[in-house]
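Chemist: Going down the list, the protein sequences come from chains A and B. Numbered per this note's numbering, the first sequence spans residues 155 to 315. Numbered per this note's numbering, the second sequence spans residues -13 to 112.
Since the hints were derived computationally from the structure, they do not count as laboratory data. If you're wondering where the values come from, they're calculated on a predicted model, not measured in any experiment. C-beta atoms are modelled at their ideal positions from N, C-alpha and C, and glycine is treated no differently. Just so you know, not all the hints are guaranteed correct.
Claimed, not checked - Using 25 Å as the maximum straight-line C-alpha spacing, the simulated PhoX-like pairs for lysine-lysine come out as follows:
{"no.": "1", "chain 1": "B", "residue 1": "K72", "chain 2": "B", "residue 2": "K23"}
{"no.": "2", "chain 1": "A", "residue 1": "K307", "chain 2": "A", "residue 2": "K287"}
{"no.": "3", "chain 1": "B", "residue 1": "K46", "chain 2": "B", "residue 2": "K56"}
{"no.": "4", "chain 1": "B", "residue 1": "K23", "chain 2": "B", "residue 2": "K100"}
{"no.": "5", "chain 1": "B", "residue 1": "K72", "chain 2": "B", "residue 2": "K46"}
{"no.": "6", "chain 1": "B", "residue 1": "K90", "chain 2": "B", "residue 2": "K48"}
{"no.": "7", "chain 1": "B", "residue 1": "K19", "chain 2": "B", "residue 2": "K100"}
{"no.": "8", "chain 1": "B", "residue 1": "K41", "chain 2": "B", "residue 2": "K102"}
{"no.": "9", "chain 1": "A", "residue 1": "K287", "chain 2": "A", "residue 2": "K303"}
{"no.": "10", "chain 1": "A", "residue 1": "K287", "chain 2": "A", "residue 2": "K223"}
{"no.": "11", "chain 1": "A", "residue 1": "K303", "chain 2": "B", "residue 2": "K100"}
{"no.": "12", "chain 1": "B", "residue 1": "K67", "chain 2": "B", "residue 2": "K109"}
{"no.": "13", "chain 1": "A", "residue 1": "K223", "chain 2": "B", "residue 2": "K41"}
{"no.": "14", "chain 1": "B", "residue 1": "K49", "chain 2": "A", "residue 2": "K303"}
{"no.": "15", "chain 1": "B", "residue 1": "K100", "chain 2": "A", "residue 2": "K223"}
{"no.": "16", "chain 1": "B", "residue 1": "K46", "chain 2": "B", "residue 2": "K67"}
{"no.": "17", "chain 1": "B", "residue 1": "K17", "chain 2": "B", "residue 2": "K109"}
{"no.": "18", "chain 1": "A", "residue 1": "K303", "chain 2": "B", "residue 2": "K46"}
{"no.": "19", "chain 1": "A", "residue 1": "K303", "chain 2": "B", "residue 2": "K19"}
{"no.": "20", "chain 1": "B", "residue 1": "K41", "chain 2": "A", "residue 2": "K303"}
{"no.": "21", "chain 1": "B", "residue 1": "K90", "chain 2": "A", "residue 2": "K303"}
{"no.": "22", "chain 1": "B", "residue 1": "K100", "chain 2": "B", "residue 2": "K49"}
{"no.": "23", "chain 1": "B", "residue 1": "K41", "chain 2": "B", "residue 2": "K56"}
{"no.": "24", "chain 1": "B", "residue 1": "K17", "chain 2": "B", "residue 2": "K48"}
What the hints assert, rightly or not - Restraint ranges, calculated between C-beta atoms of paired labels, are given here:
{"no.": "25", "chain 1": "A", "residue 1": "D175", "chain 2": "B", "residue 2": "L5", "range": "35 to 45 Å"}
{"no.": "26", "chain 1": "A", "residue 1": "E182", "chain 2": "B", "residue 2": "K17", "range": "47 to 57 Å"}
{"no.": "27", "chain 1": "A", "residue 1": "M203", "chain 2": "B", "residue 2": "Q16", "range": "38 to 48 Å"}
{"no.": "28", "chain 1": "B", "residue 1": "K72", "chain 2": "A", "residue 2": "D195", "range": "32 to 42 Å"}
{"no.": "29", "chain 1": "B", "residue 1": "I103", "chain 2": "A", "residue 2": "N273", "range": "25 to 35 Å"}
{"no.": "30", "chain 1": "A", "residue 1": "P187", "chain 2": "B", "residue 2": "L5", "range": "24 to 34 Å"}
For reference, the chains in residue letters:
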Amino acid sequence: MKNIILSMIICSNLLFAFDVDDLNQLKEEGDCPMCNLSYADLSNMDLSMSDLNDANLSHANLTDTLAHKANFTNSDLSDAIFVRSNIKGASFVNAILQDVDFTEARIWKGNFSQAKIDNCNFNDSALGSAIFKDNNLTNSTFNGAILYKTIFKKSVIGIPK
Amino acid sequence: MKFFILFFTSALLLFANGLQFEHDFDKALQKAKEENKEVMMMYSATWCPECNYMKDVVFKNKKVSTYLEKHFIVLLLDIQKDTLPKGFEYPGIPVFFFVDVNSKEKSKIIGGSKAKIFLQKLKAVQ
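Let's have the full structure, built from the sequences with the hints guiding it.
Modeler: In structure tokens form, the structure reads like this:
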């Protein structure tokens, strides 16, 4: 019996890479800095103004999420999904953005300064007045994106593959 | 003589091209009744980049402006100067309300988009 309970606990930990307490904190308080939310399903949630500074959000699903002015500073967003999310004014300063899917996301005034951007998909996103500073954008795609008054400062922009 | 004809034609075209905006709800509604059109009321702000993109880029797209001119009286209201008429609530800006002749909200488009998509949305609300 003990073995069954033990294996169930191990399995549940494998199923949820994120910390359940952290996810509950985010849902209840709206903020969760330094939390482990890896692989968490945050789709369709309202995370406006949420503080997710230094959080682990790798592989997290934020499809159709509303996150106006959310703070993703220093967070790990590797392989996260932001498809159709509304993240106006969100801060991605110094965040790890590897293989992130921002397709059709609304990122007006988003701040990507010093973010480690690698192989991200910004296709058909709205990046008006967003700030890209000190980024390497050579292997990320921006097909059909709105780049109205978008600021590219000290960023490397390469020839598309 | 040819120069003057060309000059006047160019000048006429230049003035005819711009989409006309109204800034008063009652006036816009009256005009819509007279011209058998609907009112499209945009609620926006000067500090909102998404709103400015719509005004600076999308409304200047020929297909969009032609469609708007044909079907709507375009009313621009500013969040810092104007309060919305009674019965209208906004979830954020920019928002585009489509108003019937009885001053009631018929439908709305929330948020800006590229010209092609905005045109599709306009056709869908018609």
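Chemist: All hints are to be evaluated individually against the structure, with a verdict given for each.
Modeler: Going down the list of hints, with the structure as the test:
no., hint, in the structure
1, B:K72 / B:K23, "holds, 21 Å"
2, A:K307 / A:K287, "holds, 5 Å"
3, B:K46 / B:K56, "holds, 15 Å"
4, B:K23 / B:K100, "holds, 24 Å"
5, B:K72 / B:K46, "violated, 30 Å"
6, B:K90 / B:K48, "violated, 29 Å"
7, B:K19 / B:K100, "violated, 29 Å"
8, B:K41 / B:K102, "holds, 15 Å"
9, A:K287 / A:K303, "holds, 14 Å"
10, A:K287 / A:K223, "holds, 18 Å"
11, A:K303 / B:K100, "holds, 14 Å"
12, B:K67 / B:K109, "violated, 30 Å"
13, A:K223 / B:K41, "holds, 23 Å"
14, B:K49 / A:K303, "holds, 23 Å"
15, B:K100 / A:K223, "holds, 22 Å"
16, B:K46 / B:K67, "holds, 24 Å"
17, B:K17 / B:K109, "holds, 21 Å"
18, A:K303 / B:K46, "holds, 16 Å"
19, A:K303 / B:K19, "violated, 38 Å"
20, B:K41 / A:K303, "holds, 14 Å"
21, B:K90 / A:K303, "violated, 35 Å"
22, B:K100 / B:K49, "holds, 12 Å"
23, B:K41 / B:K56, "holds, 18 Å"
24, B:K17 / B:K48, "holds, 23 Å"
25, A:D175 / B:L5: 35 to 45 Å, "violated, 54 Å"
26, A:E182 / B:K17: 47 to 57 Å, "holds, 51 Å"
27, A:M203 / B:Q16: 38 to 48 Å, "holds, 41 Å"
28, B:K72 / A:D195: 32 to 42 Å, "holds, 40 Å"
29, B:I103 / A:N273: 25 to 35 Å, "holds, 26 Å"
30, A:P187 / B:L5: 24 to 34 Å, "violated, 46 Å"
The structure shown violates the earlier hints numbered 5, 6, 7, 12, 19, 21, 25, 30.
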